[in-house]
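Construct the entire structure; sequences and hints are all you get.
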Amino acid sequence: MKRRTALKLAAASLVAGSLAIGTAQAGDTVKIGAVAPKTGPLAGGSTVTHWPNIHLWVHEVNARGGLKLKDGRKKIELIEYDDQTNPGVHIKAAQRLATQDKVDFIVAPYGTGFNLASAPIYAKHGYPQIAVSAISDKIPELTKRYPGIFFTLGSTTSFASAVSDILSKMRADGKMGGRIAMVNVADAFGIELAETARPIFKKAGFEIVYDKSYPLGTQDLSPIMKGAKASKPDAFVAWSYPPDTFGLTKQAITQNLDVKAFYTAVATCFPAYGKVFGKSIEGNLGAGGVDPTTPAMKAYRKAHMEVTGKPADGWASANTYVSLQVLEQAIEGVGSVDRKAVTQYIKDNTFKTIMGDINFVDQVSHRFWTVGQWQGGEFYGVASKGMPNAKPVILKKGWK
Amino acid sequence: MTSREIRTLVIAVILFGLAALLPFSGNGYFISIGVTIAMYVVLSTSWALFSGPTHYISLATAAFYGLGTMIVATGIETVPYVVLLLISAVAGALMAALVGLATLRLSGVYFVIFTLGLAEMIRQLVSWLQNNLGGSRGLYVLTDLTEDHIYWELLALAAFVFLIGWWIGRSRLGFAMRIIGNDETVAAHCGINTARSKIMLFMVSGMVAALVGALLAPRWTYIEPNIAFSPLLSFEVVIMALLGGTKRLWGPLVGVVPFTILLEVIEANYPSQTILVLGIAFLLIVYLVPHGVVGRLEQSFAKFRRGGN
Numbered sequence: 550m551k552r553r554t555a556l557k558l559a560a561a562s563l564v565a566g567s568l569a570i571g572t573a574q575a576g577d578t579v580k581i582g583a584v585a586p587k588t589g590p591l592a593g594g595s596t597v598t599h600w601p602n603i604h605l606w607v608h609e610v611n612a613r614g615g616l617k618l619k620d621g622r623k624k625i626e627l628i629e630y631d632d633q634t635n636p637g638v639h640i641k642a643a644q645r646l647a648t649q650d651k652v653d654f655i656v657a658p659y660g661t662g663f664n665l666a667s668a669p670i671y672a673k674h675g676y677p678q679i680a681v682s683a684i685s686d687k688i689p690e691l692t693k694r695y696p697g698i699f700f701t702l703g704s705t706t707s708f709a710s711a712v713s714d715i716l717s718k719m720r721a722d723g724k725m726g727g728r729i730a731m732v733n734v735a736d737a738f739g740i741e742l743a744e745t746a747r748p749i750f751k752k753a754g755f756e757i758v759y760d761k762s763y764p765l766g767t768q769d770l771s772p773i774m775k776g777a778k779a780s781k782p783d784a785f786v787a788w789s790y791p792p793d794t795f796g797l798t799k800q801a802i803t804q805n806l807d808v809k810a811f812y813t814a815v816a817t818c819f820p821a822y823g824k825v826f827g828k829s830i831e832g833n834l835g836a837g838g839v840d841p842t843t844p845a846m847k848a849y850r851k852a853h854m855e856v857t858g859k860p861a862d863g864w865a866s867a868n869t870y871v872s873l874q875v876l877e878q879a880i881e882g883v884g885s886v887d888r889k890a891v892t893q894y895i896k897d898n899t900f901k902t903i904m905g906d907i908n909f910v911d912q913v914s915h916r917f918w919t920v921g922q923w924q925g926g927e928f929y930g931v932a933s934k935g936m937p938n939a940k941p942v943i944l945k946k947g948w949k
Numbered sequence: 006m007t008s009r010e011i012r013t014l015v016i017a018v019i020l021f022g023l024a025a026l027l028p029f030s031g032n033g034y035f036i037s038i039g040v041t042i043a044m045y046v047v048l049s050t051s052w053a054l055f056s057g058p059t060h061y062i063s064l065a066t067a068a069f070y071g072l073g074t075m076i077v078a079t080g081i082e083t084v085p086y087v088v089l090l091l092i093s094a095v096a097g098a099l100m101a102a103l104v105g106l107a108t109l110r111l112s113g114v115y116f117v118i119f120t121l122g123l124a125e126m127i128r129q130l131v132s133w134l135q136n137n138l139g140g141s142r143g144l145y146v147l148t149d150l151t152e153d154h155i156y157w158e159l160l161a162l163a164a165f166v167f168l169i170g171w172w173i174g175r176s177r178l179g180f181a182m183r184i185i186g187n188d189e190t191v192a193a194h195c196g197i198n199t200a201r202s203k204i205m206l207f208m209v210s211g212m213v214a215a216l217v218g219a220l221l222a223p224r225w226t227y228i229e230p231n232i233a234f235s236p237l238l239s240f241e242v243v244i245m246a247l248l249g250g251t252k253r254l255w256g257p258l259v260g261v262v263p264f265t266i267l268l269e270v271i272e273a274n275y276p277s278q279t280i281l282v283l284g285i286a287f288l289l290i291v292y293l294v295p296h297g298v299v300g301r302l303e304q305s306f307a308k309f310r311r312g313g314n
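Read top to bottom, the protein sequences are chains A and B. Per the numbering used here, the first sequence runs over residues 550 to 949. Per the numbering used here, the second sequence runs over residues 6 to 314.
Here are some, though not all, of the chain A residues that point toward chain B, as calculated from beta-carbon distances under 10 angstroms:
no. : residue
1   : Pro590
2   : Glu629
3   : Asp631
4   : Pro636
5   : Ala642
6   : Gln644
7   : Asp650
8   : Asn664
9   : Ser667
10  : Ala743
11  : Leu765
12  : Gly766
Please keep in mind that the hints were generated in silico from the structure rather than gathered at the bench. In this text, a Cβ means the ideal position worked out from N, Cα and C, and glycines have one as well.
In structure tokens:
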């Protein structure tokens, strides 16, 4: 009998709990929702790049007294959900934010797949979606389909051609030959980049002397590195994910791969990468980049460290923060939480951010870093679209 | 048909009719929960069709599901969607037949291990094909299908699965399955071709799971193999079916609905401790509802009848 009562009680409280969602009162705050991985395969990236910036931004806006609207300042109330790196869970959570919590705005998700899976929901409810961690070669088609989506981090082609441009210049300057060893992780992003890069490298006159892939989650990357080394390349390029970026670098050090340029893609810009490998990664190239010398950037990185207790990474951390600055300025520019007006405001205006002035042409921002390089313990942007102060590229000189 | 069967049929039709009205509520949140429930109902019911009577625990759901998803993602730009659905169904059934031929002669545990590895194997195979045959960048499934459409499609598939299940229950095949489940040696002695019967049922199960994957592909828009072949899915389906009970056709249904709602409540209220709270909920379920929801319900019915007399 007691057990049944307990069961009933549990059931009742569950029902009550589910009904309680959405009954919170609106009015004196601006409700902002966020769904992104806190667990699952993408959590490693989102807890470095995505979540800390949301927390930092909300903290700063509220410390200022809130968002400046026509009817006074309003603080931000943040509602966050974990999508467990599962698109089904993500869609449910985004729907919950839109229809139950009735949030005023939603921070764009983390990851290409999640931004695309939830885009129909944003479009239906008229939320502006300033995507950061979404890199696609279908941008024109997607922006046409979803009038509220904005892209800020570029396309696969821009990343591949930036690497090719850097290598071409080094070759033209007589600093290296034309042999490239290219490897890629056999998963969506890695495959896409390798496919894009192949014709670009060939067109630039490079010879791809080694071209291999490895499955996602490969533990032992030494055969890959051995093969690359045996092909005697002048440059090594890996379209890699975080675990293999670390793995390949470790193998390159162990086997003392002798190249003039060494490039690994995602996570090369992570603070942990610098910490783990120290001085041996001097001259390593990677996806992303940042100009840490501007006063705005310095202030941002300091605040990031102080508020979240973690350092910002050398790439999309800043872009994520910029996307929130754009949202903030658009809301304040309109002076209300009218989503349609805010979306239009984003399309029509230029925003002052920590990365300089940002504006959108056909819903795409053309200012972002594409390649960065470790120089003297800091990850600097060396190639970009529209960013000033790119550092000159240096040659990779051994691993000591 | 007996009058009892007619009554059950009428009730089932009414329930399906009511369920089909959900999208008219216009509430995207309820529809997205509806899609989730419909998806798990179809998957766990078709899973129980095979695993219920035979006691072969299959962890291959993700393999079939992912196969259907990848077929749609690969072909959507060149082949009509309806044709892709047919291809997925046929491919799912064929794969089930191959797997069945290779493994169903083995007993229990080998089968479990093999099916667990299957999803991973297919995922690697798909990645390898994409990587080496080229031409396939990130796979986009851009259609005009909304969650409403996907919900109705899944509901129709659910109706189909229930009809098949009902038909199998009445057929020689169903009878054979029950004997196999009780004692496979006895079944063989009775002249039942046990391997063939099992493979046929496994094909139905595989076909349905592949079809679910194909129907859901437009929901994700951007398909990556590691999401299409999520091993978690196989386990969720098994847990939900067992929570409901596999002895009745409607058993998984009464497992899926409370389980999904429970998950939803946990995800909504404990965004940072979802997995932890989920674990505690599992422990409580095992402790409080050891025989599944069906077992609970039947116990209550029995008590009610005794009380009535």
